[in-house]
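Asks: Take a look at the letters that make up each chain.
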Amino acid sequence: MTDTAAPIQARAGGTGWLEGKLAWIALGLVGLLLPLLDDSYIGVIAQRAYIYWVLGAGLNLVVGYAGQIAIGWVSMLTLGAYTTAALAAGNVGEPWHPYLALVAGGVMGAVFGVVVGLPALRLRTFYFAMTTLGFATIVTQVALAWKSVTGGGVGTPGPVFPWPFDPGWGFYYFCFFLAAIATWMTANIASSRFGRGLIAIRDAEVAAEASGVAKPKLLMMVFLLAGALGGVAGGLFSSLQSYITPDAFTFEMSVLFFIGILIGGRGSILGPALGTLLLTVLPEFAAPLVQWSTFLYAALLLLIVLVIPGGIADLIDYKNRRPLEQHREIAPRPELLPRLLDERRDGEVLSLKGIELSFGGVRAIAGIDLEIRPGEVHGLIGPNGSGKTTTLNVISGYYAPQKGEVRLGTAMLPPGAPHLRAPHRIARTFQTPRLIGAASVLENVMVGGTIDGQGSFAESLLTLPRHRRDEIQLREAAMLALAVVGLESLAGVRADRLQHSELRFVEIARALMLRPACLMLDEPAAGLSAEEIRRLGALIKAVSRAGTAVLLVEHHADLIFDICDRVTVLNLGKVLAAGTPAEIRSHREVVSAYLGA
Amino acid sequence: MFQSIVSYGLAVGAVYALIGITYNVMFSASRVFSFTAGMLGMLGGVLGALFINTLGMNAVLAFVLVLACGAALGIVTEILTVRPVLKSVEQHLYVLSTLAFALMIQQVVAIEYGTEAYPFPVLIPIDADSIWGVVDQKFWLPVLACAVTIAGLEFLYRKTLIGRAFLAIAEDSYAARALGLPETRLRMASFALAGVIGALAGFTGAQMLLAFIGNQAILNFYGFVPVALGGMGSNRGAVIGGLALGLFQQAANFLVGGIFAAVAVFAVFIVVLLLRPEGLAGAATARRV
Amino acid sequence: MLIKRRLVLSGSAAGAVSLATGLSAPAIAQSEPIKIGYLPALTGPSSSTGVGINRGVQLGVEEINNKGGVNGRKLELISRDTQSDPTKAVNAVAELTQRQKVAMIFGPVNSGEALAATPLIARDKVPMLHPCWVDELIDVKKYPMAFRIAPTNTQIGGGANHYVVDVLKLKKIAVVSDTTGYGTASVNTYVPMLKAKGAEVVYQNHVDAANPDLKPELLRMQSAGAQVIMPWSVNAGFLSRICNTRGAMGWDVPIVGQTTLGSGQTKALLEKPEYWNKVYSNNFRQVCYVNGKLLPKAAEYVERLKKAKVEFSDTLLWWVALGWDSVMMMAETFKTAGTKAEDVVGYMNKVKGWPGIYGTVTWTPEQHNGFPDSEVVMCEVNSLKDGAFNIAPGYSS
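Protein chains in written order, with the working numbering: chain E, 1 to 597; chain P, 1001 to 1289; chain Y, 2001 to 2397.
Hints in this document: simulated from the structure, not taken from any laboratory. Bear in mind the structure is a predicted one, so any value in this text is a computation, not a measurement. A hint or two may mislead.
As a list, the in silico DMTMM-like pairs of lysine to aspartate or glutamate whose alpha-carbon atoms are at most 25 Å apart [unchecked claim]: (1) E:Lys-147 / Y:Asp-2139; (2) Y:Lys-2125 / E:Glu-94; (3) Y:Lys-2309 / P:Glu-1090; (4) Y:Lys-2125 / E:Glu-284; (5) Y:Lys-2142 / E:Glu-94; (6) Y:Lys-2142 / Y:Asp-2343; (7) Y:Lys-2267 / P:Asp-1136; (8) E:Lys-217 / P:Glu-1090; (9) Y:Lys-2352 / Y:Glu-2375; (10) Y:Lys-2267 / Y:Glu-2311; (11) P:Lys-1087 / E:Asp-39; (12) E:Lys-403 / E:Glu-348; (13) E:Lys-21 / E:Glu-284; (14) E:Lys-147 / Y:Glu-2271; (15) Y:Lys-2125 / E:Glu-523; (16) E:Lys-215 / P:Glu-1090; (17) P:Lys-1087 / E:Asp-314; (18) Y:Lys-2340 / E:Asp-39; (19) P:Lys-1087 / E:Glu-523; (20) Y:Lys-2074 / Y:Glu-2063; (21) Y:Lys-2125 / E:Asp-39; (22) Y:Lys-2142 / E:Asp-166; (23) Y:Lys-2101 / E:Asp-39; (24) Y:Lys-2101 / E:Asp-166; (25) Y:Lys-2101 / E:Glu-284; (26) Y:Lys-2267 / P:Glu-1112; (27) Y:Lys-2272 / Y:Asp-2208; (28) Y:Lys-2340 / Y:Glu-2063; (29) Y:Lys-2141 / E:Asp-496.
Computed spacing ranges between beta-carbons, pair by pair [said to hold, decoys possible]: (30) E:Phe-359 / P:Ala-1151: 28 to 36 Å; (31) E:Val-92 / Y:Pro-2296: 54 to 62 Å; (32) E:His-500 / P:Tyr-1174: 34 to 42 Å.
By construction, the Cβ of each residue, glycine as well, lies at the ideal position given by its N, Cα and C atoms.
Looking at chain E on its own, in the form it has when it is part of the complex (with noise of 0.2 Å):
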């Protein structure tokens, strides 16, 4: 261990980076080259390929990064569509250039993009389904009621785009273009700290809070950008229609969209990509099959969901099959902690005065003091029910309590606000590890740091300097933090891979990423072996020596009493003991009500 950066840069780019762009540059190959076989036909069927793929990219961040089931998505394509159209044949005022006419309909897809995705905010899921819906047969209904502007039922003809993108093979070269432009930024942002953030809303959206990912702003980005990709996309669609009128914007397009995603899986860009491609594509060769066309998607997405539920990106993500080493072993290195949290900081106590918290009529927590000091492993025990974890979801914002306060040093942590705890470098870990099980190791750590980025949305969108330079530091800081672990080796694995105790170090990860001030732990030795709860020991007081506050909930007494400065002991809501170990030890009722010794 001469030099302890060697082993960090192990395995985080390398061979992986031509595996992963060879699939596009294939695409970009053929895109490129089609034209060579000068058959129009085939163009068209590419165009729509591409445009559907223009809105599709926008919509994969939506359904397949942020799990929002945005059914209805077709309204960006009808409206970007009409206003396209209307715009360049003069329907509104004089005409516009069709160029500026299609970027008026990105803008209006980016507005109505955002107002759709505003009840996603508040909304579950099948209610923002039944919304997204809803407002597409909104905007359908008041295309044809809108004579003067929308041309009503006749409709209204759709943009000639002049040189360089005239119809043929120029149009087919803007759409490709456009199509490739679209698949660079979101592809962008997919590996942003915004699209991990976005996984992890959909798969683990409590750990995505903790890691202080905010969600409505988030969101709010990721519908403006799908929005502004449908609107362009109905731009163009309108010119490939030549004309448009209600009767183009079907349910069975907007179901198209999404279930070409999904075939292509969650979380992927090539995979909807292809999903996309295959069904626009597919009703062209089986012409007799063309009236099952949308029950055969329909009969595909159930496939899909209750057989591969990763879609095409699973089946040609053969990197993840290869098989993982059998007997691996987690060896963390605390002597790396100092490099991952920089400096000693002056450290602040995590108080809380007076809780009280009731579910109905339960008391859940019922009045508890407690004072967790920098430099110092607080442990928190009791039995089942007595209100351990309880305590931590208080601290951690995701409980409002009743009454009483948490402070760090002298701030006042806002109740119920859990985005709100990582700015103050409050990090945690959950009871049973919140992971995101299709991402990588590596991923998964990266989301503990989103708070570190620096660089805005659009930003990560055009792979501008600071994102990349935040990719790269967070890049950097996760693959320490694997190191001070002990499972750098398995960074680009995808993280459902991992056994159960590897799960834990890679919360321990994660959460180290904010260079906690306070670091909560929830029973993290549960379901580890001997000599892995001895590692983690030396890991968590090494964490602790380095300046941050450790409180710790466990059942494993020993752990407790090899570790911790302070043990503080729950019953029934309240504070049944607190002192050193040793004073806990002899604690005469916790000993007979808890120890059992």
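Given the coordinates of chain E, assemble chains P and Y onto it according to the supplied hints.
Replies: This is chains P and Y only, laid out in the frame that chain E set:
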């Protein structure tokens, strides 16, 4: 005009309410909202017309058969689309699986039966001059069906053992299983019951709404509105919400007419949900960490 | 209903199979078949018209090929079911014009798909024959190769307006439509035409066809003093509800409107058969009964159809005749002018008084709408027999 608003509004509201109850019965048993609710309503009408008009069955036999088909479809829904994804309810895969299933059935109906609206026979031969004929049966049938259903459900839930088992499952399925209740069988029974109620809604409402494939989407949405307004799982809320929706919609039809009625209903739906996501009568549920 | 639909479907599937076998033959040699692109809507919503026309088309092609084809070349029908979906129509147009290099395209039937397909077909310089009524489809400047073998919506509305104002002498009129493209466009065109004829439009509205209760609308018409209802919709459910509501209200005004008023679908949805009295729909003089008899030409055609065992109980004579006429027109054009686009257009520009079963067609270089105004008439909807109707009372025969 007033009479027309009331008779029609109540009738169509009763259909919405029954579809809302269909959603609820499935939801209580499984914590799952299923897109098959509207499908059941659509099939109630289509199968009824198929049995009576095309196959020439007698109305009573057709009625029983339609309800049986509804029950069977409910069970298939449970086995095929709900049970496999139940262990990961928080991933909301049920939205996708039930949507897929509903779409498949809808497509089969579209291809095998047709996409037009077909007539539904008059079920009860009554003289227009008799007491029962004062108000057209197409208006009072759905209202009667709704009243019978809600009374039946109240009786089931309050007075019978199996009904209490249903309630126990709805309250806390984990605890219910721990008590030794056959959770899976009860859930299947609930879906069968929901199938019967959905088919009943479609069958009794079909003289008004016709045997029409387009009813699936309409009932899916308008049947869900009462659930959203009345609070999920609350059958009384669904009935009140459904009738209110029917009257509101019909009044809007009269007063502003045309497509603005649809826009008005949608606007109310969104505003209410944004202000009170748990519904007008519902209570916020505690989150689980 | 079920059984017939199945027949139609299996028929179209068989057609698709036979198409697939002849996919990649380049049409160079003189003995090669002449390819006709055909864009029907055989499945999906509003497919009954397409199904009817298709029977005429299939029969026409079959008869011509049985007689040895056109100048020794068989007709090859390359059909793509659009399901009335404009996106499918656009894809199909690209395939027919670019890959199949068809000599002419017939279709599509419905407005949305026809509006989208026409500019694209014009761009690829393929002649086309329209069965669709939407006025905008014919424009000799923009689409110099497009011809219409059917009436325009203006002619259809004009025929109905003429009957109401000039024959029935009614002046206070209610005009209603559903919210589809066809419906809204019709109302927007016909109301000014009525006003120009000096009639008073006392009610005018678009109503969602899914709305099951039309009583509010009819009450508004009644209180506005309407003497006649003119509904414009191709939705049988919507039209039947207008008839039912009028009947239930006991309101004795005529209903005058689109051909679907007389369809079997509409009839099946009536609550009482007598609600179909005093309902008059568009039809075409050449395929109507006048004094209980068809014109000799039409009568002979019906005999031929019966011999060919063409299903008639669920379709209309004019649909089948329109499909048939279109094939005959194209065959005759190819026979005289060959299959080069310019020659085809040159020939069609000079067609004059061509005696079809469905209509007498005349085109000029300036006017590609070929159907004569005088042959658009109204008929009594409750007189359906063998797919045809009695001409409405009041016309001079």
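Asks: Now, for every hint given, state plainly whether the structure supports it.
Replies: For each hint, the structure was consulted:
1. E:Lys-147 / Y:Asp-2139: holds, 22 Å
2. Y:Lys-2125 / E:Glu-94: violated, 31 Å
3. Y:Lys-2309 / P:Glu-1090: Judged against 25 Å, a Cα distance of about 59 Å means the pair is violated.
4. Y:Lys-2125 / E:Glu-284: Answer holds: Y:Lys-2125 to E:Glu-284 is near 23 Å, not above 25 Å.
5. Y:Lys-2142 / E:Glu-94: holds, 22 Å
6. Y:Lys-2142 / Y:Asp-2343: holds, 19 Å
7. Y:Lys-2267 / P:Asp-1136: Holds - the C-alpha atoms of P:Asp-1136 and Y:Lys-2267 are around 21 Å apart, at most 25 Å.
8. E:Lys-217 / P:Glu-1090: holds, 22 Å
9. Y:Lys-2352 / Y:Glu-2375: holds, 15 Å
10. Y:Lys-2267 / Y:Glu-2311: holds, 18 Å
11. P:Lys-1087 / E:Asp-39: Violated. P:Lys-1087 to E:Asp-39 sits at ~50 Å, over the 25 Å cutoff.
12. E:Lys-403 / E:Glu-348: holds, 23 Å
13. E:Lys-21 / E:Glu-284: Given that 25 Å is the threshold and the Cα spacing comes to 28 Å, the pair is violated.
14. E:Lys-147 / Y:Glu-2271: Not OK: E:Lys-147 and Y:Glu-2271 at ~35 Å, beyond 25 Å, violated.
15. Y:Lys-2125 / E:Glu-523: violated, 75 Å
16. E:Lys-215 / P:Glu-1090: Holds, at roughly 17 Å.
17. P:Lys-1087 / E:Asp-314: holds, 21 Å
18. Y:Lys-2340 / E:Asp-39: holds, 21 Å
19. P:Lys-1087 / E:Glu-523: At roughly 24 Å apart (the allowed maximum being 25 Å), E:Glu-523 and P:Lys-1087 satisfy the hint.
20. Y:Lys-2074 / Y:Glu-2063: holds, 11 Å
21. Y:Lys-2125 / E:Asp-39: This hinted pair holds, its Cα atoms lying about 16 Å apart.
22. Y:Lys-2142 / E:Asp-166: holds, 18 Å
23. Y:Lys-2101 / E:Asp-39: holds, 11 Å
24. Y:Lys-2101 / E:Asp-166: Between Y:Lys-2101 and E:Asp-166 the Cα gap is close to 22 Å, so the pair holds against 25 Å.
25. Y:Lys-2101 / E:Glu-284: The hint holds at about 17 Å.
26. Y:Lys-2267 / P:Glu-1112: This hinted pair holds, its Cα atoms lying about 21 Å apart.
27. Y:Lys-2272 / Y:Asp-2208: The given pair, whose Cα atoms are some 24 Å apart, holds under the 25 Å limit.
28. Y:Lys-2340 / Y:Glu-2063: Roughly 23 Å separates the two Cα atoms, so the pair holds.
29. Y:Lys-2141 / E:Asp-496: violated, 65 Å
30. E:Phe-359 / P:Ala-1151: 28 to 36 Å: Since E:Phe-359 and P:Ala-1151 have Cβ atoms about 34 Å apart, the given range 28 to 36 Å holds.
31. E:Val-92 / Y:Pro-2296: 54 to 62 Å: This hint holds: roughly 56 Å between Cβ atoms.
32. E:His-500 / P:Tyr-1174: 34 to 42 Å: violated, 22 Å
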